[in-house]
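Taking the hints into account, I'd like the entire structure generated from these sequences.
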Amino acid sequence: MCESEEAMEQLKKKYPDPRLEQVELDHNLECAEMSGNLQDSNQTQEPHLNPSLEISLRQARAEILSGNDKAKALLRQGSSEECKEALAALNRSQQMLLGDFEESATSLIVQAEDAASERTPIDQMELLLTMEAESNANVEDFRSLLARLPRNSRQTMSFRREFEEAHANTNRYLAECRATILAGGRMEDVEREH
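Residue numbers for the sequence shown follow the UniProt record's numbering, so the first one is 1 and each next one is one higher.
Hints may contain errors.
For lysine to aspartate or glutamate, the following EDC-like pairs were computed, each having C-alpha atoms within a straight-line distance of at most 16 Å [what the hints assert, rightly or not]:
1) K84 with D69
2) K72 with E85
3) K72 with E82
Hints listed in this document are in silico derivations from the structure and should not be mistaken for laboratory results.
Dropping the structure here:
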């Protein structure tokens with residue numbers, strides 16, 4: 001386990017927050033993409049998706065989980081049998097909802113793949129702006145998490161350095177996409193650095 005993984009484990013123990021898991025997944029994926037070894041990301045590589053759809057699906061999954069986590073937290077405050085039954089029912093409905101969501105997402109992915117070849121330059125620029133906004137949101141989330149860590153610890157500095165490298169890689173990719181679109185090309189033709 002590398003230093004950044006140890007730091008992330010400590011963060012998760014110290015600050016249990018569902019957003020931290022998403023930051024960890026994003027960080028692991030970016031590190032795996034940079035190294036060219038997606039098997040290390042603990043995620044299966046999906047077929048190349050429309051990045052805008054990918055972002056929207058990731059945000060929708062996070063919203064589903066966040067809403068359920070809030071409801072679970074409220075139900076856990078109660079000690080009655082009704083609260084326990086409601087919590088069990090909520091867990092079952094969350095699994096069903098996520099199953100339905102994944103089925104719908106698969107259908108959308110297939111439709112998006114069919115429509116990808118029809119993307120206009122304006123659509124591509126809108127997609128790029130969405131990707132830039134998500135990148136900026138990731139930076140803000142990271143800074144918020146980093147503010148909770150010991151400032152000068154070796155693990156924090158290592159975690160910060162790895163994130164900054166991944167973020168710089170993302171910024172280069174987005175800049176190259178922007179230049180390609182403005183030159184009349186398609187952003188799908190831009191290869192991401194590893």
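Problem - Distance restraint between K72 and E85, which requires alpha-carbon spacing of 16 Å or less - result: The hint holds at about 11 Å.
Problem - Distance restraint between K72 and E82, which requires alpha-carbon spacing of 16 Å or less - result: holds (13 Å)
Exercise for the section: Take a quick look at whether K84 and D69 sit within 16 Å of each other, Cα to Cα. Expected result: Holds: K84 and D69 sit about 15 Å apart, inside 16 Å.
Consistency with the previously given hints is maintained throughout, with no hint failing.
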